[in-house]
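Here my numbering is used: the first residue of the sequence shown is 30, the next is one more, and so on.
It should be emphasised that the hints constitute simulated quantities derived from the structure, not laboratory data. Quick caveat: nothing in here was measured; it's all calculated off a predicted structure. The beta-carbon is built from N, C-alpha and C at its ideal position, and this holds for glycine as well. Treat the hints with care, since some could be wrong.
Now the in silico label distances, taken between C-beta atoms and shown as ranges [as the list claims (entries may be wrong)]:
hint, residue 1, residue 2, range
1, D78, T34, 15 to 25 angstroms
2, A62, E33, 31 to 41 angstroms
3, W70, D35, 25 to 35 angstroms
4, L103, R45, 17 to 27 angstroms
5, S73, T34, 31 to 41 angstroms
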Amino acid sequence: MRSETDPLACRTLWRRVLIGVVTDLCGTGVNHAGLHEAERWVGSWMSRDFQEVCELADVDPDRTHAELSALLPLSPKERRAEVRERRHGTWELRDAA
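Assemble the whole structure, with the sequences as input and the hints as a guide.
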């Protein structure tokens, strides 16, 4: 039996993965291990996994990595404030939800 894959549903799924990373980076609803895992996954350089998730989410990997890695030096509280501010701008992930 063959099933059709809905490209929009796939893109939405991978965008939600990225939104989950942002949520984890902001320390919302995760333990410290989840926060640190998100920080490692974003990292100071773009991993192959990061690039692939961005491509599947149909977002620019370079821009997304630059924006997420810019959050890393901030505290979780500062990250939440920054994300709230960016949600009102042109941040690429804002339309993903």
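These are the hints, each one checked on the structure:
The hint said 15 to 25 angstroms for the Cβ distance between D78 and T34, and at roughly 21 angstroms that hint holds. For A62 paired with E33, a C-beta distance near 38 angstroms keeps the hint of 31 to 41 angstroms intact. Judged by the Cβ atoms, the range 25 to 35 angstroms given for W70 and D35 holds: they are separated by roughly 26 angstroms. With their beta carbons about 23 angstroms apart, L103 and R45 fall inside the hinted range of 17 to 27 angstroms.
Between S73 and T34 the CB atoms are about 34 angstroms apart, so this pair conforms to the stated range of 31 to 41 angstroms.
Checked against the numbered hints above, the structure violates none of them.
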